[in-house]
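Engineer: Chain order of the listed sequences is Y and D. With our numbering as the guide, the letters of the first sequence map in order to residues 1 to 356. With our numbering as the guide, the letters of the second sequence map in order to residues 1001 to 1274.
Think of the hints as simulated: they come from the structure by calculation, not from any bench. Hints are not guaranteed to be accurate.
[What the hints assert, rightly or not] Here chain D is said to cover these stretches of chain Y; the calculated rule only asks that three of the stretch's residues, wherever they fall, bring their Cβ under 8 Å from a Cβ of chain D:
1. 220-227
2. 325-335
[As the list claims (entries may be wrong)] With a straight-line cut-off of 30 Å between C-alpha atoms, the simulated DSSO-like cross-links for lysine-lysine are:
3. D:1162 <-> D:1036
4. Y:308 <-> Y:251
5. Y:99 <-> D:1036
6. Y:192 <-> D:1036
7. Y:142 <-> Y:99
8. Y:192 <-> D:1159
9. Y:341 <-> Y:352
10. Y:142 <-> Y:352
11. D:1162 <-> Y:99
12. D:1036 <-> D:1159
13. Y:308 <-> Y:352
14. Y:142 <-> Y:251
15. D:1159 <-> Y:99
16. Y:99 <-> Y:192
Given the structure is predicted, the values throughout are model-derived calculations rather than measurements. Here a beta-carbon is modelled for each residue, glycine too, at the ideal position from N, C-alpha and C.
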Amino acid sequence: MYGNDFPADDTSSGLLGEVEAAEMALREAAERGRHGAAGADPAAYFTEVIAADQKVEPRDWMPESYRATLIRQIAQHAHSEIIGMQPEGNWITRAPSLKRKAILLAKVQDEAGHGLYLYAAAETLGVSRDELVDLLLAGRQKYSSIFNYPTLSWADMGTIGWLVDGAAIVNQVPLCRCSYGPYARAMIRICKEESFHQRQGYEILHTLAHGTPAQREMAQDSVNRWWYPSLAMFGPPDTDSTHSAQSMAWKIKRFSNDELRQRFVDMCVGQAEVLGLTLPDPALCWNDERGAYDFTQPDYAELMRVIKGAGPCNRQRMEHRRRSHREGAWVRSAAAAYAAKQASKKEQASRKERVA
Amino acid sequence: MTAYVEQTGPRAVPTASGTTSAAPELTPAAPEPVTKRFEFVLGLADDALVAAQRLAEWCTRGPEMEEDIALSNIALDQLGAARLLLTYAGELEGAGRDEDALAYRRDDREFRNCLLVELPNGDFAVTMAKLLFLAAYQVPLYTALAGCGDERLAAIGAKARKESAYHLDHASLWVRRLGDGTDESHRRMQAAVDEVWPYPHELLTPDPTAPVDPATLRADFDSVVSSVLTEATLTVPETSWTPAGGRNGVHTEHLSYLLAELQVLHRAHPGASW
Ligand SMILES: [Fe+2]
Ligand SMILES: [Fe+2]
């Protein structure tokens, strides 16, 4: 398993504990069985299932807007996993030791796997992976804006693991209790792997921060570049967030953007101290009254620009995905043609057998 | 570093006047058995390492998402085998070099991998042709190693042969799909086989003193490859060109670029640990 020869930190193991608790709750809810049946009023039944903290399953009736919200959210999440392979994929061939190369390659491979589970979860809502991929390639669905920043040094592999996967975990742990069953189950599986990603990133940074002066500088520069984009991963502040209230009522979302962002900051401060690295925010300081850290908000105008396509790597990421898709087209058609030929050969053989 | 013995024999060296004269005779003593074993293990290690590096270049570029995962898997297997073999090679050499010293601090002339693995990826058909040939060699090789007298090599062989069997299945399936798929895929697959075909020759050159004589792998290699090509409706190219030199450190122009990328960061920070 990924290295863990660095100080254990309680916060992230606490998050893993939450994932396990969600898994237990899921199993209990399944054993409890759901009361009654949809009967004459499926809408009332849907509301009851949500109120009882049970899971909505693919064949259940659901409001069209619930379905649409989930499709949008799950697809965006799946796209993020797939596009998110690029910034880290950028360093696989240059990883500075064979052990690090193996860990990074396995990590990027995990992200592809996450993309596949999530597309499969979206497919239970009646939309195909091909349709969703086409929407991504046409620029009609988004992916997380964090992946539009460049990975300029090896330290970015550490920082992405620590901060970006860390923020993803904080965001995603509550989704393990999402009201839609297939999404909740996919998230449980994904969160467990993300916590390994976070640990290996933290370990990379820990090694760099305790290495040569040049390595230390590389680590600090990387944290300086990724801190605010990571904070922006939680989305716009609650005052501007358009989808939150309805998603909360449906138990798709359980905490507001600002609550999750605060939780993330509180988690990172202690970890940065152990690393011996500085978070680039002079205003960061403990607020006794709130029982939380005060911090500088990320630049939300920048977030909006990046979401709209003006980040440093938007064009590059999209062009890379489009090119891979385009250059693979002849391979996918060949596989389909071959499968069709094999199927018709089989059919002919069994027809001959029947005749004989 | 002095352990490397050039085995290309006396060479003609051009002189300023354009004529050639015999090179000063290198008279290596018969190689120590350990040196010989070191060179053998290093060759296999470098095959796996360079293959892993090339396959890893596919990451995020696969023709479908499942294939991205499969190619990463195969790259990880090759990298895993490379690490075990490099570590063992370092121990045989006894000069204190570990896997990273061997991977990151040798130049291309010191690498002992075959030319096949360093060839550029090309399109997906070229990559599958390369993988088919590599796996058709590695399966019987690792199987033979698993039964050889060297315990370390036997253990590595036992682990790696199962992985190679999967690589062979995967490459064979794709070569059949592409060969017997569409007109375009057939054309590309045939072109890929034509391009890569001459390279495995180097891998099967007899060496009776090696722990496994490569010549003994030829029958297996030929029968696997020819049955896959037949099923794939592909024809065996006819050529007498047999490029070689990798095992002696004389590579194609491609390897130096591959190593430049692999080694750039490690070499920029001498003595650092990661
Ligand atoms: Fe992920
Ligand atoms: Fe991750």
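Engineer: Go through the numbered hints given earlier and state which of them the structure violates, listing their numbers in rising order.
Structural biologist: 1, 6, 7, 10 and 13
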